[in-house]
Amino acid sequence: MPTTFTPLSALVGGALIGLAAVVLMASTGRIAGISGIAARLLPPYTDDAFAGRLAFIAGLVAAPFGVMAITGAAIPQTVPTNLWLTSAAGLLVGFGSVLGSGCTSGHGVCGLARLSPRSLVATLVFMAAAVATVFVTRHVIGG
Amino acid sequence: MPILATLVSGLLLGTGLVVSGMIDPMKVLNFLDFAAIGSGGWDGSLAFVLGGAVVVAFIGVQVMKRMRHPAFDDSFHVPTSRRIDAPLIIGSALFGLGWGIGGFCPGPAVASLSMGIPQTVLFVVAMLVGMTLHDRVWSRRT
Numbered sequence: 001m002p003t004t005f006t007p008l009s010a011l012v013g014g015a016l017i018g019l020a021a022v023v024l025m026a027s028t029g030r031i032a033g034i035s036g037i038a039a040r041l042l043p044p045y046t047d048d049a050f051a052g053r054l055a056f057i058a059g060l061v062a063a064p065f066g067v068m069a070i071t072g073a074a075i076p077q078t079v080p081t082n083l084w085l086t087s088a089a090g091l092l093v094g095f096g097s098v099l100g101s102g103c104t105s106g107h108g109v110c111g112l113a114r115l116s117p118r119s120l121v122a123t124l125v126f127m128a129a130a131v132a133t134v135f136v137t138r139h140v141i142g143g
Numbered sequence: 001m002p003i004l005a006t007l008v009s010g011l012l013l014g015t016g017l018v019v020s021g022m023i024d025p026m027k028v029l030n031f032l033d034f035a036a037i038g039s040g041g042w043d044g045s046l047a048f049v050l051g052g053a054v055v056v057a058f059i060g061v062q063v064m065k066r067m068r069h070p071a072f073d074d075s076f077h078v079p080t081s082r083r084i085d086a087p088l089i090i091g092s093a094l095f096g097l098g099w100g101i102g103g104f105c106p107g108p109a110v111a112s113l114s115m116g117i118p119q120t121v122l123f124v125v126a127m128l129v130g131m132t133l134h135d136r137v138w139s140r141r142t
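Protein chains in written order, with the working numbering: chain L, 1 to 143; chain P, 1 to 142.
Be careful, since some hints might not be right.
Claimed, not checked - Per the computed footprint, the stretches of chain P lying under chain L, defined by three or more beta-carbons under 8 Å from a beta-carbon of chain L, are: (1) 21-27; (2) 30-40; (3) 72-81; (4) 94-100; (5) 110-116; (6) 121-127; (7) 134-140.
As the list claims (entries may be wrong) - Okay, the calculated beta carbon distance ranges per label pair: (8) P:Met115 x L:Phe5: 21 to 31 Å; (9) P:Gly40 x L:Ser9: 32 to 42 Å; (10) P:Leu4 x L:Asn82: 35 to 45 Å; (11) L:Tyr45 x P:Ile37: 43 to 53 Å; (12) L:Ala73 x P:Val55: 24 to 34 Å.
Everything labelled a hint here was simulated from the structure, so no lab data went into it.
The beta carbon of each residue, even a glycine, is placed where N, CA and C say it ideally should be.
Could you build the full structure based on these sequences and the hints that come with them?
Spelled out as C-alpha cells, the structure:
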C-alpha cells in the first residue's frame, strides 16, 4: 500500500526523537534505547531505575493519545495482518535487539550520534537485513 | 531516576514517532522496499527521520561532553565497549529480519499500544517473549 513521501514532517518528527534522546541522556545519563528500556522492565531487576523506565514507557504510550486529542485526527497506521508473521516478527525483534544490544533508537539514533563503531556496524547490519527481508517478502515470495 | 524527565522524554519520543509517521509500519516497509525505487512505491521519509534524529542527538552529545555528570545522577551510564562481536552482528541481523517482516521495531510498537489494535498487542507480547527467551534461556545456556 503506497504511502506519501513526507520529508518535512519526517524531519520534524526525527528532530523530536533526537530531542527525546538528548533529554534522557542529559537528565539520567542513559541511552534512549527502547529495546533495553522495555527489556529491563521485565524481571530480574538489577538497578533502581524501574520507576523511571516505567514513566518513560508511559510517556511513549500516552503520546499518540495526546497527538490525537490535539489534532482531532486519527493516526494513519497499517499493521500487519498475518498473526503468525506478526508473532515471528515480534520474537525476532525482541530476541535480536537484546542479543545485538540495541535497536533503531539505541544504535540507529543514539549510537550513531555518539559516533559509536559498534552502533555503526549494528545499524548497517540491521538495515541490510531489513532491506533484504522486504525484498524477499515483497518481490520474491510476495510477487 | 527523575520520573518527570523520563516521562517527558517518552512523550517527546512518542510524539516524534507519530509526527514523523514512523508509527506506521507501512511507511517503514515502503522505505525498506528499495526495489520499489523508481516504480513510485518507495517512500524515502525514514531517511529524513533518521537524519533529523541523528543530527539533533549529535548536537546534544557535543553539548553534553561539557557536563561532568547528568542533571539527576552522579555519572553517565553509557556503553563503552567498541568490540564488534558475533552477538552484535547476529542480533542485529535477526532484529533486521523481524523489522523487515513486520515493519515494527520496539519504539513504534510500544507507542502504538494506545491505539488498541490487537495485532500490535500480539507483536509487543511476542517481542517481550523474545527478549525473555534471550535473557532467561539463550544467555544462560551452558
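Status of the hints after comparison with the structure:
Taking a C-beta to C-beta cut-off of 8 Å, the region 21-27 of chain P contributes 7 residues in contact with chain L, enough for the three needed, and the coverage statement holds. For the region 30-40 of chain P, the proposed coverage by chain L is satisfied: 7 residues have a C-beta within less than 8 Å of a C-beta in that chain, meeting the threshold of three. Only when three residues or more bring their CB closer than 8 Å to a CB of chain L does the claim for the region 72-81 of chain P stand; here the count is 8, and the claim holds. Counting residues of the region 94-100 of chain P whose CB falls under 8 Å from any CB of chain L gives 7; the rule of at least 3 is met.
A stretch counts as covered by a chain when three or more of its residues have a beta carbon under 8 Å from one of that chain; for the region 110-116 of chain P and chain L the count is 6, and the coverage holds. With 6 residues carrying a beta carbon less than 8 Å from a beta carbon of chain L, the region 121-127 of chain P meets the three-residue requirement, and the given coverage holds. A count of 3 residues in the region 134-140 of chain P with a Cβ less than 8 Å from any Cβ of chain L is obtained; the coverage claim is therefore met, three being the minimum. The given range of 21 to 31 Å is respected by Met115 of chain P and Phe5 of chain L, whose C-beta atoms sit roughly 23 Å from each other.
Between Gly40 of chain P and Ser9 of chain L the beta carbon distance is about 20 Å. The supplied range of 32 to 42 Å is therefore violated. Remark: the range hint 35 to 45 Å for Leu4 of chain P to Asn82 of chain L is upheld by a beta-carbon distance near 40 Å. With their beta carbons about 45 Å apart, Tyr45 of chain L and Ile37 of chain P fall inside the hinted range of 43 to 53 Å. In this structure, Ala73 of chain L and Val55 of chain P meet the distance hint of 24 to 34 Å, their C-beta atoms being roughly 28 Å apart.
Hint 9 from the earlier list is the only one contradicted by this structure; the remaining hints agree with it.
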